[in-house]
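Q: These are the residues of each chain, in order.
Protein chains: 4
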Amino acid sequence: MVVVMAPNATDEDIAAVVARVEEVGGEAFVSRGLVRTIIGLVGDIESFHHLNLRILRGVADVRRISDPYKLVSRQHHPDRSTVWVGEGDRAVPIGPETFTFIAGPCAVESHEQTYEAAVMARGAGATLLRGGAFKPRTSPYAFQGLGLAGLEILADVRATTGLPIVTEVVDARDVPVVAEHADMLQVGTRNMANFGLLQAVGEAGKPVLLKRGMTATVEEWLMAAEYIAQRGNLDVVLCERGIRTFEPSTRNTLDISAVPVVQATSHLPIIVDPSHAAGRKDLVVPLSRAAIAVGADGLIVDVHPRPETALCDGPQALVDSDLRELAQVVRRMPAVVGRKLATAATRVR
Amino acid sequence: MVVVMAPNATDEDIAAVVARVEEVGGEAFVSRGLVRTIIGLVGDIESFHHLNLRILRGVADVRRISDPYKLVSRQHHPDRSTVWVGEGDRAVPIGPETFTFIAGPCAVESHEQTYEAAVMARGAGATLLRGGAFKPRTSPYAFQGLGLAGLEILADVRATTGLPIVTEVVDARDVPVVAEHADMLQVGTRNMANFGLLQAVGEAGKPVLLKRGMTATVEEWLMAAEYIAQRGNLDVVLCERGIRTFEPSTRNTLDISAVPVVQATSHLPIIVDPSHAAGRKDLVVPLSRAAIAVGADGLIVDVHPRPETALCDGPQALVDSDLRELAQVVRRMPAVVGRKLATAATRVR
Amino acid sequence: MVVVMAPNATDEDIAAVVARVEEVGGEAFVSRGLVRTIIGLVGDIESFHHLNLRILRGVADVRRISDPYKLVSRQHHPDRSTVWVGEGDRAVPIGPETFTFIAGPCAVESHEQTYEAAVMARGAGATLLRGGAFKPRTSPYAFQGLGLAGLEILADVRATTGLPIVTEVVDARDVPVVAEHADMLQVGTRNMANFGLLQAVGEAGKPVLLKRGMTATVEEWLMAAEYIAQRGNLDVVLCERGIRTFEPSTRNTLDISAVPVVQATSHLPIIVDPSHAAGRKDLVVPLSRAAIAVGADGLIVDVHPRPETALCDGPQALVDSDLRELAQVVRRMPAVVGRKLATAATRVR
Amino acid sequence: MVVVMAPNATDEDIAAVVARVEEVGGEAFVSRGLVRTIIGLVGDIESFHHLNLRILRGVADVRRISDPYKLVSRQHHPDRSTVWVGEGDRAVPIGPETFTFIAGPCAVESHEQTYEAAVMARGAGATLLRGGAFKPRTSPYAFQGLGLAGLEILADVRATTGLPIVTEVVDARDVPVVAEHADMLQVGTRNMANFGLLQAVGEAGKPVLLKRGMTATVEEWLMAAEYIAQRGNLDVVLCERGIRTFEPSTRNTLDISAVPVVQATSHLPIIVDPSHAAGRKDLVVPLSRAAIAVGADGLIVDVHPRPETALCDGPQALVDSDLRELAQVVRRMPAVVGRKLATAATRVR
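Residue numbers (the numbering used here), protein chains in the order written: chain A, 1 to 349; chain B, 350 to 698; chain C, 699 to 1047; chain D, 1048 to 1396.
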């Protein structure tokens, strides 16, 4: 941390800052300038926060320097991690050497719809199935998901198709039942800062897919991952799904730069969700190509056998020709950036 | 809802839209133009959503017209509401004829600190005490609040000072214990879209202070209030606390316009939190003046007997001369806009 | 400036930074920490910028500390300034002791409309007349203003009503002709970073009203004012007119906090434009109250004798009962914050 | 356009809207609903704007449906355009079948530096040279470019290297001299809404590179292009260069979705500037891969022979190994999306 003193700060003001820092065992290095004096602090950041130095007389600003996250940081864990999703032979990797394609319906509506969507997904190259049983909806009058019945459908479709399942959990009280049925627990964008839920999935013993809050900075997102990691679970995959900006032509603005930014600072894998970012199916294929090319570790997209009857986000779900085009893209493009499409057979742990 | 057809839509495309709308019992009015055709829908909006009209051939856009919220809307409830906080004779109103001043420490740290802050708050004209026992923090390494012990301190300070208490609940599992101790349950900015928590506080039988999500639109915020109302609780007070923008000189940007915007569309009371909006104590007094003048129904600010030792948000807490200045403002300015400072004695139900 | 070294920076890396700083006559103070080393720089900031220290081996970050603006900063000019608009006895002040009300039509459409609007404005307490002869419009097909004919109408209405005029200039080539007719030159939000125009108005010998760019930070805005000041013109009044955010219920989000933020860092006067911020006339009166209460030095609003025929921004123009309400507000509220309504008679230079 | 009436609108209110629309030669189609009535307008949009329908009694909202731009729209010009830059045999295309690589220094600093950068650029596959002689800078104390001397250096380097040049013009008064020296005129992000400049470049007889305003919507950007087109110049290439959001880890947020969004609505070519979007050279290569993959028509990047001495934006300029990596990317990746790298030899008009 760096303490910037005001131009009119006195020697006593400076001495008071130094004294306070030393009281908690820190060291303070004073750099006196013509106009301003700067004090560099070395020691335990957390103890400095409690000092509230910003409030002392003569202090103009206090700036943090080090990363505030530790377990998910690449500083102390330089190799990028691989997270395995699914049991035994069916486990599929998400990590730096592969490209993992996850697809499925936004919401589980029925056994038939889910099964059909899973077959579509698998046919297009997907090796993990997404599908929501618990849906967080802006309106209390919108379809909220099938709940437990939805989880059972997913488990059943997994048994038939062999695809491990990724599904969202929206309430800490539901974590045990979701963890019992799912292979990977998704924390959605609206819950990225629901710290009780983060802690609960951190203790559930299953890998977690953590979506970025729609207005979270990358740093806040990594802090949310730190909450999960701190409970002992490092099997966290990040998912960029668009941020909120002033631009109305897409539902959110896909922050494609977040992929290399995260990879430079954290060892966790990161995938991209073009369906929710754009909210328009005509953008899903070009954004998927961009995601592969920028170096994402995977992709998660909505597919639906009959988008026109979908209970949730129909306009962004792929079907027919769009899906065939995407299937070609995920089969051909990962090799261009030195990756292969992830499958259960990829396992070489 | 309005369906906008593409320029090249055929008569069959138009007929298909009309047929689908009529299938679910709606009416469709077709307006044919030289370039485009527009179809106005009348009937049950929810059933139209399930039709996914956007995906039909020839459809260029689908636009919603009516408010998506009902219970909190002023359309069907034109008189603005008053919410009473506190038991029996101690109850304090928040509503259109009064101006309610809420103050207290950001976090409950000890009995002594809470009691001192309460006395400061009461001395400055506050009639409700704020204070956090459960703190949602971006970092898992930051102080997370005293929990149950904090609630007991608050209840004790209420007994001594007579001030009803407002405190945050961050997890649906904690709602019963918080409701048992507090007079008003606060849902914080990070939990505005935690729908399970909204439903839980909707069933808790206590008034709710619902902070705006830091990147929520006014419409989404009112939808969150609708979640609470739908569980039978209309005693909801909204709190504008700043939104996230690109401007770095304040922690958030106080959206002062949200006060008259909300008052025009919802009957719920709305108050302003200048402390968390600005994150700087030098802005709290001017922003409080602006909040009163714009027509807010109340104000919630951080005070602390010793900000330099505060475990949370010390730089924004008022003390001494700032607080004396604010006390003058809340005593003199509400009359300028035709309101009186709310007290328990205001009761004339 | 502070240079933050990476954790793996070597002694040589540090020495290289120090050497470069000393080469240009600066001083470098090294603070070595357990994890990181920080180097504080003292000297001429501009020369440091050219060093591109960020690119040296081992450098993790470079942070600026001092204000980048000088002439408009309050650091070297602690008393807040007053700017006088108008010739001789007609001059009206904008500054810290008064509250100045500016009103008029968004665009000059005809002599009759401008005169009627001026009479409305004066009747409501305005002492300066606004009105656009050159209009920057998003669409090339929209009304672009009457140009020179509009300036002549304004000058004529000034002669009749006695109100000095404020009008926008959108092109550096038009500065001489606009300066010849107007009492104050307005630089609009779209031109805040049109540096050639800023320099031209800086040399025109008339006071300038500088609107904030709709996505400019306060610092960038003050830098734009510095461009004008640098050409010898310190008679600059800043105007907050709303910033672009994700909230759709208002055209822009009025950043009311910008008023005290600017007043804390710059000596220039600052006024508020609630009409363009909100884009809705129902918000103009409450936002005007907020502007006075927060401590703004003035207000600029749109009025129009027949808003339903306005060629520009009709929906936000005040008329009749709204304007009478605003007239009451500007007459009564400034006294609440210790100011009096500015008039030409205020002159006590 | 669609006029939405308020729930309490009377038959007279509705009739008044219809009458006004018919007065200007439009047609109004009334759709009466249980709660609301909607009126669809058909005819000349511009004439409707002047009606200010929003202000009539009983009108709740007015919504536009058609595109506001015409000349740059794909509606009336379905084939995507190709723009040629450079004279005679040296002309290089930017369009839907090729991928055009533009590189060069942010600012022209000297003949030697510009020549070296041009040789680097050409060696990496670039066929057009960028370089700024007039620099718009936030600070009046920053390097503002060499002006005319810079243009002469660029022309000289073109003569030696054969690369046509792209250079920025920041003031309408400079358009003739810049057009005389340059092959393509760049309008920068700060000037996207400088309408006088847009009109001036529209009349200059040279192709234009129009950067997106840092907070412009796609629609506003296309309206800016319409200003140029309206003056008779359809040789406009759009350049996405990042938008302003709350995320601090990159200077701006590259809106990669804007590429397919623009291509769906406009026939103009669109390229990407990853250097200015990110402001960090470590992101330039991954973002360039994403730009090619998403379907951009070209790329513009900063290169500099000695970034550590650059007078402008050194931290984002490529050199050595980064540039070699980018050279590989631009040579190999366009084929993956069915394009070839554009060269003068590509000419097959």
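Treat the hints loosely; a few may be bogus.
As the list claims (entries may be wrong) - Pairwise CB distance ranges (calculated):
(1) A:P248 - D:P1125: 39 to 47 Å
(2) D:R1079 - C:G860: 48 to 56 Å
(3) A:G205 - D:E1144: 51 to 59 Å
Since the hints were derived computationally from the structure, they do not count as laboratory data.
Each residue gets a CB set at the ideal place from its N, CA and C atoms; glycine is no exception.
Q: Against which earlier hints does the structure fall short, listed by number upward?
A: 1
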